[in-house]
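J.: Based on the sequences and whatever the hints tell you, model everything.
Those protein sequences? They're chains E and P, same order as listed.
Using my numbering, read the first sequence as starting at 78 and increasing by one per residue.
Using my numbering, read the second sequence as starting at 199 and increasing by one per residue.
In case anyone wonders, no lab produced these hints; they're calculated from the structure.
Just so it is clear, the structure is predicted and the values come from calculations on it, not from any experiment.
None of the hints are false.
List time: in silico SDA-like cross-link candidates among lysine to any residue, alpha-carbon distance up to 25 Å:
id, chain 1, residue 1, chain 2, residue 2
1, P, K308, E, I123
2, P, K308, P, F409
3, P, K308, E, P298
4, P, K308, E, V121
5, P, K308, E, S378
6, P, K308, E, L117
7, E, K327, E, D346
8, P, K308, E, T116
9, E, K327, P, R461
10, P, K308, E, W125
11, E, K327, P, Y466
12, P, K308, E, Q369
13, E, K327, E, W312
14, P, K266, E, T339
15, P, K308, P, L386
16, P, K308, P, L405
17, P, K308, E, T304
18, P, K308, E, V363
One-sided and incomplete, this derived list gives chain P residues near chain E with beta-carbon spacing under 10 Å:
id, residue
19, P217
20, Q231
21, M340
22, Y460
23, F469
Cβ coordinates follow ideal geometry from the N, Cα and C atoms, glycine included.
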Amino acid sequence: MTTMTSWTVANSRKLARQERRRRLGPLGVLTHLALLVWTLLTVVPILWTFLASVKSEDEIFGDAWSLPAALRWDNFARAWEQAHIGQYMLNSVIVVSFSTFGTMLIGSMAAYVLARYPFRGNRAVYLLFVSGLAFPVYLALTPLFFVVQNMGNVPLVGPFIGLNTHAGLVLVYIAYSMPFTVFFLSAFFRTLPTAVGEAAMVDGASHTRVFFQIMLPMARPGIISITIFNILGQWNQYQLPLVLLQERDKWVLTQGIADISTAAGYDQDWSALFAALTLAILPMLVVYTVFQRQIQSGLTSGALK
Amino acid sequence: MIFNRYRRGLFITSFLAAPVILYLVYVISPYIQAFYIAMTDWRGVTATPRFIGLDNFERLLGDGTFWKAVSHNGALLLLLPLITIVIALFFAFLLNVGGPQGLTGIRGSKFYRVVFFFPQVLAVAVVAVLFQQVFRPDGSGMLNGPMMALGISPIGFLSDPDVAFWSVLGVMVWQAVGFYVVLFSAGLASIPRDMFEAAQIDGAGRLSLFFRITLPLLWDTVQVAWVYLGILALDVFAIVWVMTDQHGGPDFSTTVMAAEIYRNAFQYFRFGYASALGVVMFFFTVGFAILSLRLSRRERIEY
Numbered sequence: 078m079t080t081m082t083s084w085t086v087a088n089s090r091k092l093a094r095q096e097r098r099r100r101l102g103p104l105g106v107l108t109h110l111a112l113l114v115w116t117l118l119t120v121v122p123i124l125w126t127f128l129a130s131v132k133s134e135d136e137i138f139g140d141a142w143s144l145p146a147a148l149r150w151d152n153f154a155r156a157w158e159q160a161h162i163g164q165y166m167l168n169s170v171i172v173v174s175f176s177t178f179g180t181m182l183i184g185s186m187a188a189y190v191l192a193r194y195p196f197r198g199n200r201a202v203y204l205l206f207v208s209g210l211a212f213p214v215y216l217a218l219t220p221l222f223f224v225v226q227n228m229g230n231v232p233l234v235g236p237f238i239g240l241n242t243h244a245g246l247v248l249v250y251i252a253y254s255m256p257f258t259v260f261f262l263s264a265f266f267r268t269l270p271t272a273v274g275e276a277a278m279v280d281g282a283s284h285t286r287v288f289f290q291i292m293l294p295m296a297r298p299g300i301i302s303i304t305i306f307n308i309l310g311q312w313n314q315y316q317l318p319l320v321l322l323q324e325r326d327k328w329v330l331t332q333g334i335a336d337i338s339t340a341a342g343y344d345q346d347w348s349a350l351f352a353a354l355t356l357a358i359l360p361m362l363v364v365y366t367v368f369q370r371q372i373q374s375g376l377t378s379g380a381l382k
Numbered sequence: 199m200i201f202n203r204y205r206r207g208l209f210i211t212s213f214l215a216a217p218v219i220l221y222l223v224y225v226i227s228p229y230i231q232a233f234y235i236a237m238t239d240w241r242g243v244t245a246t247p248r249f250i251g252l253d254n255f256e257r258l259l260g261d262g263t264f265w266k267a268v269s270h271n272g273a274l275l276l277l278l279p280l281i282t283i284v285i286a287l288f289f290a291f292l293l294n295v296g297g298p299q300g301l302t303g304i305r306g307s308k309f310y311r312v313v314f315f316f317p318q319v320l321a322v323a324v325v326a327v328l329f330q331q332v333f334r335p336d337g338s339g340m341l342n343g344p345m346m347a348l349g350i351s352p353i354g355f356l357s358d359p360d361v362a363f364w365s366v367l368g369v370m371v372w373q374a375v376g377f378y379v380v381l382f383s384a385g386l387a388s389i390p391r392d393m394f395e396a397a398q399i400d401g402a403g404r405l406s407l408f409f410r411i412t413l414p415l416l417w418d419t420v421q422v423a424w425v426y427l428g429i430l431a432l433d434v435f436a437i438v439w440v441m442t443d444q445h446g447g448p449d450f451s452t453t454v455m456a457a458e459i460y461r462n463a464f465q466y467f468r469f470g471y472a473s474a475l476g477v478v479m480f481f482f483t484v485g486f487a488i489l490s491l492r493l494s495r496r497e498r499i500e501y
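T.: This is the structure we're talking about:
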């Protein structure tokens, strides 16, 4: 009896396997091939960069696909110290932390008021914010440069928010993140139930308290999506810092990386360039792989709303 | 009651003050100034710009580089959405519906979705530097190395004016596809399963499953993708500025409107002329947005 059963099980497994193979067919093979090809197209350039980051200069100029004879970790030390990638990365972290926090704070405040408080001019303010979605940032580039330059002449705070200051860039990032943040979050706040907030108001909570202690926590899924969107967008920004931060020690990571590659010459440090690229790519991939579910759903819901 | 009204007004004002002021100062005022600066010959030397009417726009018409930039943006506007959407739809379909095991999608689909998305989280400037190395013209380039080993003469991916534009397009597709695979997968997930099952019971093959069911039901998402990719094509800057020779070369064969705005403003210090370029770009973008809204509205009525 028992042998009979195990025979049946084994046999049915075998049949299932055959069935699967039959159904896979030539089309199935092609399918897998197509997916595999794109996987390689995606991964190989990145892996190739990682590999080159531990090569010596001679190896980089030799056969493109050779393996390094020894792992040259000092490339990373040179990129970090001499090419200042460490400094640029720190600058990026500082700017993006403050700007994302600021964007989320004042963006959600504006979105909340516009979504839930009818007042005269509400629609006009909302449209003012959302119209920014359709404008190319390049149109504003020249005047923006002078606006920020003039900010430097404002008494007291001027030296902190003018050209070549991180706080100045933070303010610009926040302003340019407003259209999408307000657009997305006000749609989100509109969907939240009104009863909870009203109950709290009856109990004597202020408008501000209702916002911070009830509405913000309820809006968490939307807040997370848009925070991810803003972090990625601001971290990857290149154009605005290129215009607004012209002093080298203030640069953010994207500027630093772009500069190492364009500062061509005979003294070009190619292995440090690859190490710098690796330093820019690897943390992003690690963070993405850990949070990929939230990042994917955050970015796509941002796009579909 | 009056006190409550007052409190409410105070609350609204205090919550809107900071965002509105920042937005007016850094976004709205530059846009408005740009339209005025576009009608001046300002080069930043004098305090007040000299008004010259539409001269800058007249000059633009005769500027060969400007037309090259426009034609590149135009070509990208056609090709980037088309190629990216076709590839992404194909993969999204395979990963979610068209798997050989039936409607479950293919094995390992989660893995593919994660990996295809990789390029999306990298900064465009970083991708540009990466591909500069991939495209190196000598034997140490990732592509030319193996080709030379096989005896094929190397291709100047970034140095040959006939090829460089296609290299730019290729990198843009490379970076975009993963995002749209995930976007279309999300769209597919919202289509009820039995829709596909019913069709399959009726004997629909994978081709008709794709063209008769997937594509029509996903059409809204495809339109969103088309608008997003269109804006990407009009906005392209970093990939061209960082990756290609002479920031948009060789011989302006890859330059785009955004690159010409930056070049004119911050390398030639022709602020008036650069702003005129920006105004033209503004009308292209708004025109594209209105056009795509129109088209999608008509589709919906026909439905």
